[in-house]
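Chains A and B, in that order, give the protein sequences.
Numbered by my numbering, the letters in the first sequence go through residues 1 to 68 in order.
Numbered by my numbering, the letters in the second sequence go through residues 1 to 212 in order.
A portion of the hints provided could be inaccurate.
Cβ pair distances, simulated, as ranges [claimed, not checked]:
no. : chain 1 : residue 1 : chain 2 : residue 2 : range
1   : B       : Y101      : A       : L14       : 28 to 34 angstroms
2   : B       : L78       : A       : T6        : 28 to 34 angstroms
3   : B       : V36       : A       : L16       : 40 to 46 angstroms
4   : A       : L15       : B       : G169      : 27 to 33 angstroms
5   : A       : Q22       : B       : R80       : 18 to 24 angstroms
6   : B       : L22       : A       : I25       : 30 to 36 angstroms
7   : B       : V110      : A       : A18       : 34 to 40 angstroms
8   : A       : I25       : B       : L78       : 40 to 46 angstroms
9   : B       : R140      : A       : L15       : 43 to 49 angstroms
Examples of chain A residues lying across from chain B (beta carbon under 10 angstroms, computed) [what the hints assert, rightly or not]:
no. : residue
10  : T5
11  : L16
12  : T29
13  : V36
14  : T42
15  : D43
16  : R47
Residues on chain B that point at chain A, a partial pick, calculated with CB under 10 angstroms [claimed, not checked]:
no. : residue
17  : A54
18  : V95
19  : L117
20  : A176
21  : A204
Simulated from the structure, these hints should not be mistaken for lab results.
Yeah, the Cβ is synthetic: ideal placement off N, Cα and C, and Gly gets one too.
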Amino acid sequence: MRDVTTAGFVVCGLLLAALVVQARIAPRTVARLSTVLDLVMTDRAARFTIVLFWWWIGWHFLVVPPQP
Amino acid sequence: MAERERALPAGRSAPSARVLALTRLAWVAVLVVTAVFHVVRGAPVDAWIYGLGAAVLVLDQVGWLRIPLRLRTDRETLSRRILAGVLIAVAALTVAVTPLYGPTDTAIVVGLGVLVLPVVWADRAAATGAPPLSTTHALRRAAILWSAVIAAGCLWEIAAFFLGRDLPGREQDFPALSDLLDPVLAWQPARGVLVALWLLGGYALVRRGRTR
Numbered sequence: 001m002r003d004v005t006t007a008g009f010v011v012c013g014l015l016l017a018a019l020v021v022q023a024r025i026a027p028r029t030v031a032r033l034s035t036v037l038d039l040v041m042t043d044r045a046a047r048f049t050i051v052l053f054w055w056w057i058g059w060h061f062l063v064v065p066p067q068p
Numbered sequence: 001m002a003e004r005e006r007a008l009p010a011g012r013s014a015p016s017a018r019v020l021a022l023t024r025l026a027w028v029a030v031l032v033v034t035a036v037f038h039v040v041r042g043a044p045v046d047a048w049i050y051g052l053g054a055a056v057l058v059l060d061q062v063g064w065l066r067i068p069l070r071l072r073t074d075r076e077t078l079s080r081r082i083l084a085g086v087l088i089a090v091a092a093l094t095v096a097v098t099p100l101y102g103p104t105d106t107a108i109v110v111g112l113g114v115l116v117l118p119v120v121w122a123d124r125a126a127a128t129g130a131p132p133l134s135t136t137h138a139l140r141r142a143a144i145l146w147s148a149v150i151a152a153g154c155l156w157e158i159a160a161f162f163l164g165r166d167l168p169g170r171e172q173d174f175p176a177l178s179d180l181l182d183p184v185l186a187w188q189p190a191r192g193v194l195v196a197l198w199l200l201g202g203y204a205l206v207r208r209g210r211t212r
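Full structure from sequences and hints, please.
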């Protein structure tokens, strides 16, 4: 079961990578993430939320030890 | 509030105030749901982080928080990129050679948050160019697909958490993403690489939403 759980995360990562590749190959079909973020992050609420999630990743992995 | 009607690509009709308010409410809801999840998983500090974030956004939305910051619109220069690259390399190396969860890591992460917050908060200048209308569908499709995959990943993480918690003796069967990454982080070279990637991601993020 552990392998299935791990595979779920791997599949998500592969799908994100596929989106990056697809946007490189055919940006008129699926826009690049940078283009989407440029549009979305013109709004402060979106910018604040997205960057907060990014910052929290560092907090979670570097500052807070794993729970027993 | 100051940037309520700003920074939309020229040529595109501005969304109504109602749509803007609902969109911002959605971002607040994301933060609140995340805070609640951290309460459930027994991480009060994390819950406070997201809860405070949601509160700040609400205060800004209702106009009770006025912080007059404005981002300059000048283009990024090569020297700034080099400086950012050097800082990222130094920070990644420092984290790699110092003990994990130590005071150095805390200082770097907290200091980074303090440094980035005003940049993120600052108003951005109005855009002067517009993406071609032909890209609208591509933008919408990309937004939906990225959101769907990220939401699926989050749901998978939440499901793993609850299954691991509620099925005694099965914790090893349902590892959270951090359970899988923690052993990697324990190895110093990998920690340095992952921290460099994380910092590069942050550098890329804070540059988004600017006009070019």
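Verification of the supplied hints:
Between Y101 (chain B) and L14 (chain A) the Cβ separation comes to about 30 angstroms, which falls inside the hinted range of 28 to 34 angstroms. Remark: the range hint 28 to 34 angstroms for L78 (chain B) to T6 (chain A) is contradicted by a beta-carbon distance near 41 angstroms. Between V36 (chain B) and L16 (chain A), the C-beta spacing of about 26 angstroms breaks the proposed range 40 to 46 angstroms. A hinted range of 27 to 33 angstroms for the beta carbons of L15 (chain A) and G169 (chain B) is consistent with their spacing of about 32 angstroms.
The beta-carbon spacing between Q22 (chain A) and R80 (chain B), approximately 31 angstroms, falls outside the hinted interval of 18 to 24 angstroms. A hinted range of 30 to 36 angstroms for the beta carbons of L22 (chain B) and I25 (chain A) is consistent with their spacing of about 34 angstroms. A C-beta distance of roughly 35 angstroms is found between V110 (chain B) and A18 (chain A), which places it inside the suggested range of 34 to 40 angstroms. Between I25 (chain A) and L78 (chain B) the beta carbons are some 29 angstroms apart, a value that contradicts the proposed interval 40 to 46 angstroms.
The given range of 43 to 49 angstroms is broken by R140 (chain B) and L15 (chain A), whose C-beta atoms sit roughly 18 angstroms from each other. Residue-level restraint check for T5 (chain A) holds (minimum Cβ-Cβ distance to chain B is 5 angstroms; threshold 10 angstroms). A least Cβ separation of about 6 angstroms between L16 (chain A) and chain B falls short of the 10 angstroms threshold, and the interface hint therefore holds. Hint on T29 (chain A) holds. Least Cβ distance to chain B is approximately 6 angstroms, under the 10 angstroms limit.
Checking V36 (chain A) against chain B: minimum C-beta separation of about 5 angstroms stays under 10 angstroms; hint holds. For T42 (chain A), the interface hint holds, since its Cβ comes within 10 angstroms of a Cβ in chain B; the closest pair sits about 4 angstroms apart. For D43 (chain A), the shortest C-beta to C-beta distance to chain B is roughly 7 angstroms, which falls under 10 angstroms, so the interface hint holds. Hint status for R47 (chain A): holds, given a least beta-carbon distance of 5 angstroms to chain B, under 10 angstroms.
With its C-beta approaching chain A no nearer than about 9 angstroms, A54 (chain B) sits inside the 10 angstroms limit, and its interface hint holds. The criterion of a C-beta within 10 angstroms of any C-beta in chain A is met by V95 (chain B), whose closest approach is roughly 7 angstroms, and the hint holds. Proximity of L117 (chain B) to chain A holds as hinted, the smallest CB-CB distance being about 8 angstroms (cut-off 10 angstroms). Because the smallest distance between the Cβ of A176 (chain B) and any Cβ of chain A comes to about 9 angstroms, under 10 angstroms, the interface hint for this residue holds.
Hint status for A204 (chain B) relative to chain A: holds, with the closest Cβ pair at about 8 angstroms, below 10 angstroms.
Hints 2, 3, 5, 8, 9 from the list above are not met by this structure, while the remaining hints are.
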